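As given, the protein sequences belong to chains B and Z, one line each in that order. Going by our numbering, the first residue of the first sequence is number 1, and it counts up by one from there. Going by our numbering, the first residue of the second sequence is number 290, and it counts up by one from there.
Possibly wrong hints are sitting among the right ones.
To be verified - Over the 12 angstroms line for every Cβ pair with chain Z, so calculated as not near, a few chain B residues:
| hint | residue |
| --- | --- |
| 1 | R42 |
| 2 | D47 |
| 3 | L50 |
| 4 | E97 |
| 5 | S125 |
| 6 | R127 |
| 7 | T137 |
| 8 | R157 |
| 9 | G167 |
| 10 | A228 |
| 11 | P248 |
Unchecked claim - Just a few of them, taken from the derived set where beta-carbon distance is under 10 angstroms, the chain Z residues facing chain B:
| hint | residue |
| --- | --- |
| 12 | D294 |
| 13 | L295 |
| 14 | L327 |
| 15 | Q443 |
| 16 | L486 |
| 17 | T509 |
| 18 | A513 |
| 19 | F533 |
| 20 | R534 |
| 21 | D609 |
Keep in mind the hints are simulated off the structure, nothing from the lab. Just so it is clear, the structure is predicted and the values come from calculations on it, not from any experiment. Each residue gets a CB set at the ideal place from its N, CA and C atoms; glycine is no exception.
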Amino acid sequence: MTPADSTTAGTGAGSQPRPERGPDRGTDPAVLERVSVAIGGRPILRDVDLAVRTGETVTLLGPNGSGKSTLVRALTGLLPLARGSVRLFGTPLPDFEHWHRVGFVPQRSSATGGVPATVREVVGSGRVGRRRLLRPTSRADRRAVEAALDVVGLADRAAYGISQLSGGQQQRVLIARALAGEPDLLVLDEPTAGVDLPNQRALAEALARLKERGATIVLVAHEIGPMAPLVDRSVVMRDGRVAYDGPPLTQEVAAHTHHAHDLEAPEGDAHDHVPHVSSPFDWERRTRP
Amino acid sequence: MSFLDLFALDFMQRALVAALLTGLAAPAIGTFLVQRRLALLGDGIGHVAVTGVALGLLTGASPTWTAVLVAVLGAVLMELIRERGHTNGDVALALLFYGGLAGGVLITGIAGQGAATLQAYLFGSLNSISSEDVWFTAGLTAVVLVVTLGLSPQLFAVASDPDFARVAGLRVRAYNLLTAVLAAVSITVAMRTVGLLLVSALMVVPVATSQQLARSFRATLLGAMVVGCTASVGGLVLSAWLSFRVSVAPGPTIVLLALAMFTATWPIGVWLRSRSRLMAPFPEVSATPHRSPVEHPHEHGRDCGHPAVPHGDHVDYVHDGHRHAVHGEHYDEH
Ligand SMILES: Nc1ncnc2c1ncn2[C@@H]1O[C@H](COP(=O)(O)OP(=O)(O)O)[C@@H](O)[C@H]1O
Ligand SMILES: [Mg+2]
Ligand SMILES: [Zn+2]
Ligand SMILES: [Zn+2]
Ligand SMILES: [Zn+2]
Ligand SMILES: [Zn+2]
């Protein structure tokens with residue numbers, strides 16, 4: 001791809017200079033500088049430097065427990081930083097206010113709650129970042145929801161109950177929810193885990209359409225699968241540090257990194273770094289700084 | 290005095306107004322609690338509010354006021370424990386429940402009041418509602434309803450996925466605290482009619498009833514309010530009618546009526562759910578082994594009685610643990 005190609009591909013938010021053009025990165029969608037994150041006092045991420053440029057699609061790879069989710073949660077302000085800084089669109093995280101520019105698909109998050117909800121309602125909740133308080137749903141809200149449903153190919157399921165959909169379709173609903181906010185930066189944490197191949201293809205198509213519009217995508221993935229053609233850059237995490245940052249790894253290499261390390265990875269559940277808290281009144285500080 | 294004469298009585302009219310308001314507010318906020326799988330939070334707040342009532346009896350202040358105050362404090366405390374707490378958060382909540390109830394009973398005793406006084410607050414009472422109480426509860430209910438319905442897009446987003454809501458820029462913590470406070474307020478509103486020990490039923494049972502039939506969140510919310518109103522007004526009238534013969538508190542009548550409505554809709558819900566499960570499309574897996582059964586004695590069709598489940602571009606007929614797809618003259622196993 002030549003630089004000329006890439007500028008025509010990016011419309012709207014995508015008109016920023018590409019990295020090869022020069023050092024003007026003041027408004028890059030996401031910049032992490034020497035970021036360390038501790039959970040329950042134990043350092044998990046250490047000294048992570050990462051800059052995601054406008055219009056770029058970056059995959060975060062790495063074995064289970066290597067800190068991909070932690071990185072993504074620090075990037076979206078869900079976890080406090082122990083050290084370092086995160087800038088979103090040029091603004092340091094504590095001062096960042098334009099949250100509607102960021103779309104997030106949390107890992108293993110469930111679309112179903114204790115009360116039934118339709119696909120349209122769940123996707124509609126993606127508009128909260130753009131809605132004003134105590135105002136009815138606007139026409140723009142409705143249009144964005146329909147467009148998001150269209151992108152993930154679920155327009156014909158809008159009136160279905162969420163629990164009537166398969167796991168892969170529910171995952172697509174969550175992506176549509178993030179898209180409904182019309183984000184410039186989309187962060188997805190393992191959207192393809194446990195999703196069958198046709199649904200993975202549908203996901204890849206949805207992301208491709210988004211990429212065409214100039215959105216920046218940070219994708220945490222276990223298996224890249226059908227997403228491979230979209231990827232501009234790969235970042236491999238290993239034990240809380242960046243082990244590789246460069247051109248997209250082929251599936252093989254990525255898989256190799258992955259499996260080789262899987263064997264060394266400590267066994268146990270997600271809490272293996274921190275002892276369990278055993279009194280009901282003990283708690284960890286998890287608030288935003 | 291006949292049954293209809295009852296409605297001419299001041300205290301009965303006040304009780305009806307209070308019941309109507311309770312029936313609207315409790316299920317509205319209850320829907321969001323059920324969405325967050327915190328159905329029992331209301332019960333906990335109710336128990337803590339008993340201490341509030343007792344403090345009112347002890348100090349001579351209005352028990353409604355002290356109940357609101359203590360319930361709000363308790364709700365905020367519970368929300369903070371739940372938010373920060375680890376796996377044992379539910380134990381912490383349980384400690385608070387029992388402390389609230391035991392403290393309330395103890396303080397009532399110290400205040401020199403008998404069990405009968407407390408009973409009116411625990412299970413509701415028709416004639417304990419003063420006219421200030423009605424105005425007070427009406428005002429509170431209006432606030433609860435306006436805030437709950439007005440902020441429902443935000444509350445829904447926070448209740449269904451707090452991480453997503455936070456990245457969308459919502460102050461999740463503030464909304465969670467708001468939900469807890471609204472729950473506490475609607476519980477104290479419901480205290481006079483349903484009583485503190487049964488109030489949570491009015492936050493949960495109408496929602497459970499409504500979701501048997503509803504598929505959307507909005508329909509569940511509105512349906513729960515309809516069920517809640519019907520149950521609380523109907524239950525109040527029923528208990529007034531019964532009170533000619535036996536002494537019954539309105540609380541149990543209201544709750545049993547709500548449960549009866551749930552029992553009536555539940556079989557329909559079971560049927561709807563099982564049908565939607567059976568008719569859910571099969572996943573489209575690309576490489577299906579093409580295997581034809583040797584012989585098939587039966588011709589599948591629209592009225593053959595076997596569920597025809599969508600599968601990609603065709604339908605599979607489900608029978609005897611098979612999925613048969615028509616392929617020319619024969620059936621394929623899918
Ligand atoms: N809430 C938590 N409490 C304790 N440890 C955690 C928590 N979340 C993550 N960790 C630890 O942080 C490390 C990185 O986890 P994570 O970011 O989820 O990895 P990945 O997403 O790459 O699988 C793991 O070793 C995990 O044990
Ligand atoms: Mg993860
Ligand atoms: Zn057969
Ligand atoms: Zn048949
Ligand atoms: Zn088939
Ligand atoms: Zn065949």
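Status of the hints after comparison with the structure:
Against the 12 angstroms criterion, R42 (chain B) stays outside the reach of chain Z, whose nearest CB is about 15 angstroms from its own CB. For D47 (chain B), the condition that its CB be more than 12 angstroms from all CB atoms of chain Z holds, with the nearest at approximately 24 angstroms. Chain Z leaves L50 (chain B) outside its interface by the beta-carbon criterion, the shortest separation being 18 angstroms against a cut-off of 12 angstroms. With a least beta-carbon separation of about 7 angstroms from chain Z, E97 (chain B) fails to lie farther than 12 angstroms from that chain, contradicting its non-interface assignment.
Look at S125 (chain B): its CB is around 4 angstroms from the nearest CB on chain Z, not clear of 12 angstroms, so calling it non-interface is violated. The beta carbon of R127 (chain B) sits about 7 angstroms from the closest Cβ of chain Z, which is not more than 12 angstroms, so the claim that it is off the interface is violated. Non-interface call for T137 (chain B) relative to chain Z: violated, since the shortest CB-CB distance, roughly 8 angstroms, does not exceed 12 angstroms. Annotated as non-interface, R157 (chain B) brings its C-beta within 12 angstroms of a C-beta of chain Z; the closest such distance is 10 angstroms.
Distance check for G167 (chain B) against chain Z: the nearest CB is about 9 angstroms away, which does not clear 12 angstroms, and the non-interface claim fails. Against the 12 angstroms criterion, A228 (chain B) stays outside the reach of chain Z, whose nearest CB is about 18 angstroms from its own CB. Even its closest Cβ contact with chain Z, about 25 angstroms, leaves P248 (chain B) beyond 12 angstroms, as expected for a residue assigned away from the interface. At its closest, the beta carbon of D294 (chain Z) sits 42 angstroms from a beta carbon of chain B; the interface hint therefore is violated under the 10 angstroms criterion.
Taking 10 angstroms as the C-beta contact cut-off toward chain B, the hint placing L295 (chain Z) at the interface is violated, the least distance being around 37 angstroms. At its closest, the beta carbon of L327 (chain Z) sits 8 angstroms from a beta carbon of chain B; the interface hint therefore holds under the 10 angstroms criterion. Restraint check, Q443 (chain Z) versus chain B: the minimum CB separation of about 6 angstroms is within 10 angstroms; hint holds. Against a cut-off of 10 angstroms between C-beta atoms, the interface hint on L486 (chain Z) is violated, since the closest Cβ of chain B lies about 23 angstroms away.
Restraint check, T509 (chain Z) versus chain B: the minimum CB separation of about 5 angstroms is within 10 angstroms; hint holds. A hinted interface residue such as A513 (chain Z) counts as satisfied when its beta carbon comes closer than 10 angstroms to some beta carbon of chain B; here the least separation is about 9 angstroms, so the hint holds. At about 39 angstroms, the closest approach between the beta carbon of F533 (chain Z) and any beta carbon in chain B exceeds 10 angstroms, and the interface hint on this residue is violated. For R534 (chain Z), the interface hint is violated, the least distance from its beta-carbon to any beta-carbon of chain B being 39 angstroms, above 10 angstroms.
A cut of 10 angstroms between beta carbons decides the hint on D609 (chain Z): the least distance to chain B is about 24 angstroms, and the hint is violated.
When each numbered hint is compared with the structure, violations occur for hints 4, 5, 6, 7, 8, 9, 12, 13, 16, 19, 20 and 21.
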